Amino acid sequence: MNWKKFLAVGAAFSSLFFAHAEAAYMLSDEVENPPAALQMATQIGVLKYENPMLKNAVDKDAIVVLSFGTSYPDQRAKAIDATAQAIQAAHPNAKVVTAFTSHIVIKHIVENEGKCDYLTPEQTLEQLKREGYTRVALVSLDVIPGIEYKYDVALFHEYKSQFKKMTLGEPLMYWQGQEEQRDDVMQVMQSLHLPSYKKGTAILLMAHGTPDPSNAYYSVMQEKLRAMKRTDVHVYTVEGWPRLEDWAGKLKMHKVEKIILMPLMLVAGDHANNDMAGNEEDSHKVILEKMGFKVEAKLQGLGESKKIREIFVERANEAWDELVK
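Per the numbering used here, residue 89 is the first one in the sequence shown, and the count goes up by one each step.
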């Protein structure tokens, strides 16, 4: 079977469940009476659903910015809030609210600060319904389409029929240049503005990692860095693959003397401050120093970068454009 033809554009059945962004695939109209599962299996890109039962409802628009969150107040301000503010500036006539997908982070904020100004996504959507909002764009601040993004997708499906219209945007890195799609991974790698160092210095970018198959995105990142001729930059993860030990020995063999540690996460939170740059025996900084490397840690989350925030605004714009079509 010609898979590309099988997934070629054919809009006949899209309105039954949820529509697609222009970049997404649709079932070919050669597929007669496709079952719901088959239609849903081919939904990628920006997701959109229009509820025919509410088509006459007055438009009242909101954007929900979905972030894992952080218990570090400075990072909430410099990375998460700053990104949400950039999205709000791009959409001044819409209500923009941030929700934290990590219920544990919300709990820690309440315990440490006495209160939390961020609700869960479910609480946020219920509140928007009470306030009469009818069209909602969900915007993800996830870095890759991993488990956290699957939460966003599940949220979309749970709540989509409760509003007149709902969309869900893509995370920071989604497309990889395949099938004539744009290359989000290369765009982000080029936007990191990685400094150049003299020979003998390497940069290790610490990502989160995931048990989800989307962990393969880190290999794609590494390949894009190689294409950029940045063979001195290496991606590793805290909870996935590759791990720190997968690079440390190789760097020693290649006579690297100094390592720059940088987080490849939205915020420089607990993982960056403790796992990466802490003073405990098992921190990455201490482990590398014991191996004889000079180590410098740079604690700056992706959300602190204006260029990265601009990319998140692009992702939000795509979800918004589908919402207001």
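No lab work stands behind these hints: they were computed from the structure. These figures come from a predicted structure and were not determined experimentally. Some hints here could point you the wrong way.
Unchecked claim - Computed Cβ-Cβ distance ranges for the label pairs, DEER-style:
{"#": "1", "residue 1": "Glu384", "residue 2": "Lys148", "range": "20 to 28 Å"}
{"#": "2", "residue 1": "Lys317", "residue 2": "Lys338", "range": "16 to 24 Å"}
{"#": "3", "residue 1": "Asp205", "residue 2": "Val241", "range": "36 to 44 Å"}
{"#": "4", "residue 1": "His196", "residue 2": "Ile375", "range": "32 to 40 Å"}
{"#": "5", "residue 1": "Lys286", "residue 2": "Gln388", "range": "15 to 23 Å"}
{"#": "6", "residue 1": "Met341", "residue 2": "Asp370", "range": "19 to 27 Å"}
{"#": "7", "residue 1": "Asn361", "residue 2": "Gln278", "range": "44 to 52 Å"}
{"#": "8", "residue 1": "Gln266", "residue 2": "Gly337", "range": "19 to 27 Å"}
{"#": "9", "residue 1": "Ala145", "residue 2": "His196", "range": "35 to 43 Å"}
{"#": "10", "residue 1": "Asn367", "residue 2": "Glu402", "range": "35 to 43 Å"}
{"#": "11", "residue 1": "Glu120", "residue 2": "Ser307", "range": "22 to 30 Å"}
{"#": "12", "residue 1": "Ala165", "residue 2": "Gln266", "range": "31 to 39 Å"}
Stated by the list, open to error - Here are the simulated DSSO-like pairs of lysine-lysine, each with C-alpha atoms no more than 30 Å apart in a straight line:
{"#": "13", "residue 1": "Lys287", "residue 2": "Lys203"}
{"#": "14", "residue 1": "Lys166", "residue 2": "Lys386"}
{"#": "15", "residue 1": "Lys373", "residue 2": "Lys286"}
{"#": "16", "residue 1": "Lys286", "residue 2": "Lys183"}
{"#": "17", "residue 1": "Lys143", "residue 2": "Lys166"}
{"#": "18", "residue 1": "Lys183", "residue 2": "Lys287"}
{"#": "19", "residue 1": "Lys317", "residue 2": "Lys343"}
{"#": "20", "residue 1": "Lys166", "residue 2": "Lys343"}
{"#": "21", "residue 1": "Lys343", "residue 2": "Lys287"}
{"#": "22", "residue 1": "Lys203", "residue 2": "Lys286"}
{"#": "23", "residue 1": "Lys340", "residue 2": "Lys394"}
{"#": "24", "residue 1": "Lys183", "residue 2": "Lys395"}
{"#": "25", "residue 1": "Lys183", "residue 2": "Lys386"}
{"#": "26", "residue 1": "Lys386", "residue 2": "Lys413"}
{"#": "27", "residue 1": "Lys166", "residue 2": "Lys382"}
Using N, Cα and C, we set each Cβ at its ideal position, and we do this for glycine too.
Verification of the hints:
1. Between glutamate 384 and lysine 148 the C-beta distance comes to about 50 Å, which lies outside the given range of 20 to 28 Å.
2. Evaluation of the 16 to 24 Å hint for lysine 317 and lysine 338 yields a pass: the beta carbon distance comes to about 18 Å.
3. Separated by about 26 Å at the C-beta atoms, aspartate 205 and valine 241 break the suggested range of 36 to 44 Å.
4. Range check, histidine 196 to isoleucine 375: about 26 Å between beta-carbon atoms, so the 32 to 40 Å window is missed.
5. Between lysine 286 and glutamine 388 the C-beta distance comes to about 22 Å, which sits within the given range of 15 to 23 Å.
6. At about 23 Å, the beta-carbon gap between methionine 341 and aspartate 370 stays in the expected band of 19 to 27 Å.
7. Distance hint check: the CB atoms of asparagine 361 and glutamine 278 are about 27 Å apart, inconsistent with the given range 44 to 52 Å.
8. Taken as a hint, the range 19 to 27 Å is violated for the pair glutamine 266 and glycine 337, whose Cβ atoms sit roughly 32 Å apart.
9. Hint check: alanine 145 to histidine 196, Cβ distance near 38 Å, so the stated range 35 to 43 Å holds.
10. The given range of 35 to 43 Å is respected by asparagine 367 and glutamate 402, whose C-beta atoms sit roughly 38 Å from each other.
11. A beta carbon spacing of about 39 Å between glutamate 120 and serine 307 contradicts the range 22 to 30 Å that was offered as a hint.
12. For the pair alanine 165 and glutamine 266, the supplied restraint of 31 to 39 Å holds, since their beta-carbon distance comes to about 36 Å.
13. At roughly 49 Å between alpha-carbon atoms, lysine 287 and lysine 203 are farther apart than 30 Å, so this suggested pair is violated.
14. Of the supplied pair hints, the one linking lysine 166 and lysine 386 holds, its CA atoms being roughly 15 Å apart against a limit of 30 Å.
15. Using a Cα cut-off of 30 Å, the hinted pair lysine 373 and lysine 286 holds, with the two alpha carbons roughly 20 Å apart.
16. For the proposed pair lysine 286 and lysine 183, the alpha carbon gap of about 48 Å is over 30 Å, so the pair is violated.
17. With a C-alpha separation of about 39 Å, the suggested pairing of lysine 143 with lysine 166 is violated against the 30 Å cut-off.
18. A C-alpha spacing of about 49 Å is found between lysine 183 and lysine 287, which places the hinted pair above 30 Å, so the restraint is violated.
19. For a cut-off of 30 Å, the pair hint linking lysine 317 to lysine 343 stands: about 19 Å separates their Cα positions.
20. Only pairs whose Cα atoms come within 30 Å are accepted, and lysine 166 paired with lysine 343 is rejected, the gap being roughly 36 Å.
21. With a C-alpha separation of about 9 Å, the suggested pairing of lysine 343 with lysine 287 holds against the 30 Å cut-off.
22. A distance of roughly 47 Å separates the Cα atoms of lysine 203 and lysine 286; the hinted pair therefore is violated under the 30 Å criterion.
23. A threshold of 30 Å between alpha carbons decides the hint, and for lysine 340 with lysine 394 the separation of about 34 Å lies outside it, so the pair is violated.
24. As the CA atoms of lysine 183 and lysine 395 are separated by approximately 23 Å, the hinted pair is consistent with the 30 Å bound.
25. A threshold of 30 Å between alpha carbons decides the hint, and for lysine 183 with lysine 386 the separation of about 34 Å lies outside it, so the pair is violated.
26. Distance hint between lysine 386 and lysine 413 is unfulfilled; the C-alpha atoms sit about 42 Å from each other, more than 30 Å.
27. Distance restraint check for lysine 166 and lysine 382: the Cα-Cα separation of roughly 28 Å lies within the 30 Å cut-off, and the hinted pair is therefore satisfied.
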